[in-house]
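Here's the letter readout for the chains.
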Amino acid sequence: MTRHAGAAIDASRKLRFTFDGRAYEGVAGDTLASALLANGVRIVGRSFKYHRPRGLWGAWVDKPNAIMEVSLKGSELPNCLATTTTLEDGMEARAVNAWPNARRDIKGGLDLFSRFLTAGFYYKTFIWPDWHLFEPSIRKMAGLGSVSLEHLDDYITDQSHDQCDLLVIGGGPAGLAAARESAEAGRDVVLVDDQELIGGSAYQAPDIEEQYPEDWVTSQRAAIETAGGRILSRTTAYGVYDHQLVALIETRAFGQTPRLTRMRARHALLATGAIDRPVTLPGNDTPGVMSLTAAREYFHRYGVLAGGCAALISNQTDAQTALAPLQAAGLEIQALDPADPDLKIAGARQTTGVTLRDRHIPADLVLTSAGRTPMVHLWRHAGGKLTWSDPLQAFLPDNQLGWMQAIGAANGTFDTDTTLAEARARATGATPPADQPEPIQPLWPRPGAKGRQWIDFQHDVTLKDVELAARENYASVEHLKRYTTLGMASDQGKTSNMAGLAAMATLQGKEIPQVGTTTFRPPFVPVPLAAWAGQHQRQLYHPVKRLALEPQHRDAQAALCEYGGWLRPGWYGAGEADTRIAHEARTARATAGLLDGSPLGKIEVMGPDATAFVNFMFYNTMATLKPGQIRYGFLLTEGGIVYDDGVVSCLGENHFLISCSSSHVDGVRGMLETWRQDGNDPDQIFVHDLTMHWATLTVTGPQARDIVETLGLEADLSSDALPHMRFATSTWNETPMRIARVSFSGDLSFELSLRSSMAPALWDHLMGETKKIGGTLLGIEAMSVLRAEKGYIMVGKDTDGETMPHDLGFTIPRAKKTAPFVGDRSLHTETANDPHRKQLVGLTVPDGAPPLATGAHVVSDAPRRSLGYVTSSYLSPNLDRPVALGLVENGAARLGEEVTIWHDETLSKATITAPCAFDPEGDRLHA
Amino acid sequence: MRDDSQTWAAPAPLTAPLDLGGATLGRVTGLRQTLISGTRVLSTSATGWPAPVQGAPYRIVLRRDRVVEVGGAAHPEGWDEAAGEARSDISDGWTLLELSGAGAFGLLRRGTELSLAEPSASVVRKLWGLDVWLYRFEAEDKFRLHIARALDEALIGHLRLAADLARD
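Chains W and V, in that order, give the protein sequences. Numbers 2 to 928, taken from the numbering used here, label the letters of the first sequence in order. Numbers 430 to 597, taken from the numbering used here, label the letters of the second sequence in order.
Calculated from the structure, these hints are not laboratory results. Heads up, some of the hints might be wrong.
Non-contacting residues of chain W with respect to chain V, defined by C-beta distances greater than 12 angstroms in every case (computed) [said to hold, decoys possible]:
1) Phe127
2) Arg253
3) Gln536
4) Thr830
Which stretches of chain V does chain W cover? Using the computed rule of at least three CB atoms under 8 angstroms from a CB of chain W, they are [claimed, not checked]:
5) 461 to 467
6) 540 to 552
Note that the structure is predicted; figures quoted are calculated from it, not measured. Using N, Cα and C, we set each Cβ at its ideal position, and we do this for glycine too.
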């Protein structure tokens with residue numbers, strides 16, 4: 002391993018690593034790529050489709066093929082780009098898409114069939130008899146690298162938010178000069194650079210402002226920090242999002258999760274530099290063909306000379322001057338005319354030189370550049386427009402965005418002194434001096450040329466593929482991309498897009514700007530999905546709402562299940578769930594059950610217009626409610642669809658309590674707030690959601706009153722004083738308590754509400770009394786059975802996105818309510834009056850038949866079509882037979898009709914009945 | 430329905446101050462919280478962001494017609510025609526947490542975009558997607574957070590994890 006003096010990194014500390022099983026030595030500050038190059042490794046990967054050997058083209062993010070699976074100290078990460086992966090001692094790297102190794106890949110033989118595997122071949126080839134026949138094996142072959150099946154518990158990304166006056170993206174000469182200028186002017190400046198050693202291309206210059214590049218970078222850095230500026234190294238700005246939000250990802254030690262910062266920048270300067278474009282000529286993917294800039298970077302930053310004898314094919318006017326230091330270090334260079342159409346790269350696994358007609362020019366390195374492409378990705382993310390520069394043969398930012406401007410090479414300014422002047426001017430809002438770029442000769446692909454000329458090095462797209470796409474009329478660059486996969490790889494076409502669209506322009510006889518570019522989308526570089534997830538995983542991914550009584554439920558061996566965002570008891574006790582649920586449902590009907598109903602909505606509406614507003618919000622008439630009365634009702638959407646149901650209690654003049662479904666509280670609150678401000682006077686109506694403050698315990702069953710009476714409340718609980726659908730207040734243990742005679746079970750029920758902190762004491766008391774009389778704790782599952790026996794619906798389960806209240810048997814308000822209400826108009830449309838609407842019914846099965854499957858279809862016999870479906874189905878322990886609810890076309894007129902049920906390819910019979918199967922007279926309810 | 434009792438760890442109430450590295454998280458108890466809505470609620474002194482609140486009782490602004498009084502006396506609940514205010518006791522509905530220390534602001538910035546240079550009339554924020562009321566209390570580095578009781582476990586979990594990640 003040879004290192005040349007003058008490298009920017011400190012090459013004194015040696016590091017050991019392996020690549021494809023072979024041991025090598027690198028130095029601290031190396032990337033995997035620079036270390037491999039220093040060790041003379043020329044084949045670092047294989048291409049995606051043809052498995053062709055690939056060497057190092059670029060030195061940083063512009064390398065399409067050096068993709069590796071890397072492991073270190075138990076951490077293993079797929080798809081690490083060797084050119085951006087910092088070398089660490091003990092690393093084990095392996096090329097992806099190659100077996101047994103990149104040097105001798107067993108699938109390399111695929112290249113022999115390349116003439117049959119042109120663009121779009123699989124669209125055409127695998128169409129018969131069925132694409133799905135081939136899909137599994139093709140998908141198995143596709144992709145780069147493999148994701149570990151192990152869940153990395155500690156792989157959680159630290160996310161943070163930040164703000165700054167000026168975000169400078171890129172720590173090269175332009176970025177450093179701009180950041181210093183701005184910081185010293187007193188602005189809050191953040192400079193980000195994706196390398197550990199900031200400086201960008203600075204190290205390639207012989208000197209900057211009469212200082213050695215290293216000294217110049219150090220002095221700029223010190224000045225920025227002294228002035229209060231912040232410098233974030235190893236940090237890539239990978240995306241620009243709405244409202245000037247720039248996503249930053251900080252790479253850390255291997256195996257450590259990256260850090261993500263959401264930076265809100267008032268202004269941004271884009272100093273992201275430019276990359277070399279490959280020269281499109283036969284054999285241009287051969288290992289040993291390298292970008293001009295990469296060779297300089299490997300030399301100046303890492304001290305690695307990429308070869309001993311180089312051929313130079315470039316249209317850059319300063320190419321030979323730029324290579325002078327490499328020449329001085331021993332690199333022999335022969336410059337060739339880049340416009341000569343007969344140039345070919347010689348060699349297969351490693352270049353042996355360049356062939357020019359009958360002449361062979363020996364070389365172990367071919368340095369190429371067809372011009373420089375400014376890195377405008379972030380500019381386009383931000384919505385900036387591009388203009389075409391004829392002298393530079395490149396798209397440049399038009400710098401009309403306002404908050405973001407490009408400087409330096411990203412702006413097409415390649416001369417260092419001009420760059421510094423431009424950067425300092427932009428940093429202070431001044432107009433930079435006009436740049437007169439030295440024009441370059443166009444050097445683009447020549448369609449029709451012989452030989453395999455590579456456009457996309459990762460996805461193996463050749464010039465002939467682009468020609469084929471044009472012939473088949475995939476002429477738009479977006480179609481070209483999808484048809485050929487050009488630019489769709491993990492490098493997102495950094496090196497291929499310009500050549501591809503230039504070729505397409507020539508094929509269509511257009512200018513390059515007329516063809517345009519494909520869309521630039523974040524991320525600029527691959528970002529682990531964990532970076533986006535951040536802390537939102539496991540219990541913090543979508544946290545459930547926790548009951549105040551959860552400890553008590555756990556003590557009672559509750560099976561806690563998620564219902565509408567709440568973690569609630571599904572059933573209690575160990576053993577078979579169905580057995581426990583049946584026991585609870587049976588016991589609640591026999592004696593009593595105690596249910597934690599705390600998530601039920603408790604939304605209060607107050608104010609001078611409260612009565613009119615509640616009446617407006619509900620389908621059912623609420624204006625006639627008197628204090629102490631409760632009424633059941635529906636909330637509809639504007640389309641007349643049932644959004645929720647619940648009960649409204651009149652607590653007093655101008656004061657109502659809406660008890661909506663547990664899972665709809667947030668939605669109902671939002672609906673009330675919306676309508677309060679729309680068509681109503683928001684100064685006369687106020688909505689307070691008090692669901693969390695109040696806990697609600699429901700005692701239900703024939704002996705419910707006996708249990709509640711043990712609380713010693715001053716309220717009269719008799720059916721005369723507090724009948725069904727009445728409300729009372731009282732105090733318990735000096736705490737206000739609300740008592741509602743409402744029932745979801747169809748039995749005598751009391752809903753007792755008091756502040757949550759008192760719920761444990763009330764629970765303990767009621768549980769003790771319930772158990773004394775042989776009652777039960779009641780989970781949601783048993784309550785679901787009880788309500789289904791009664792034919793009570795659950796909105797969203799027994800209704801769908803088309804159900805209107807008259808489909809559920811509630812017809813009177815639609816016909817007679819004169820006051821306006823939400824959804825009214827939609828209840829009188831042709832659709833609403835359709836005689837074939839699905840209506841709520843009950844369904845019974847023949848004796849001995851099992852319960853119907855929820856979701857099973859009610860079907861017509863001939864022709865067979867769905868007439869509706871089963872919405873709820875249970876084995877009723879109280880009726881000792883299955884009960885079911887369903888929505889069936891014109892169901893209300895079909896009572897007694899036998900229908901056919903289809904489920905899972907089998908047919909059975911059921912009879913349509915009224916929804917209520919238990920105590921239809923309601924005697925138990927009014928007890 | 431699936432039994433998720435083991436999926437979700439039992440709640441671990443915050444009974445003592447929690448050391449989060451550069452910050453301490455504690456629970457504030459015993460203070461009445463009254464939700465007050467009305468067109469004139471902003472005529473009395475009420476705080477938004479980032480000016481620190483001083484002493485108790487105090488009022489924080491949720492929106493132009495809504496404040497929360499913290500540490501005040503009990504009010505009659507319901508609609509007060511004379512005052513033109515709707516009042517509700519919400520003390521048991523919202524958990525009041527206090528986060529203090531030099532690292533407190535850094536932790537909060539992990540949950541939302543926050544700037545001391547950008548004032549807001551309202552204390553309503555989304556922190557890790559959770560609805561909170563956030564303001565400074567008595568000191569530059571002391572913050573109070575109100576979170577719906579049923580979700581306080583999630584907010585405490587986020588703050589714990591953020592502190593762990595910040596230390597890493």
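We went through each hint and held it up to the structure:
For Phe127 of chain W, the requirement that its beta carbon stay farther than 12 angstroms from each beta carbon of chain V is met, with the minimum near 40 angstroms. Remark: the non-interface label on Arg253 of chain W conflicts with the geometry, its nearest Cβ contact in chain V lying 9 angstroms away (cut-off 12 angstroms). Chain V draws Gln536 of chain W into its interface by the beta-carbon criterion, the shortest separation being 5 angstroms against a cut-off of 12 angstroms. Look at Thr830 of chain W: its CB is around 36 angstroms from the nearest CB on chain V, clear of 12 angstroms, so calling it non-interface holds up.
Proximity of the segment 461 to 467 of chain V to chain W, defined as three or more residues with a beta carbon under 8 angstroms from a beta carbon of that chain, is established by the 3 residues found. Under a criterion of three residues with beta carbons nearer than 8 angstroms to beta carbons of chain W, the stated coverage of the segment 540 to 552 of chain V is upheld, 5 such residues being counted.
Checked against the numbered hints above, the structure breaks hints 2 and 3 and satisfies the rest.
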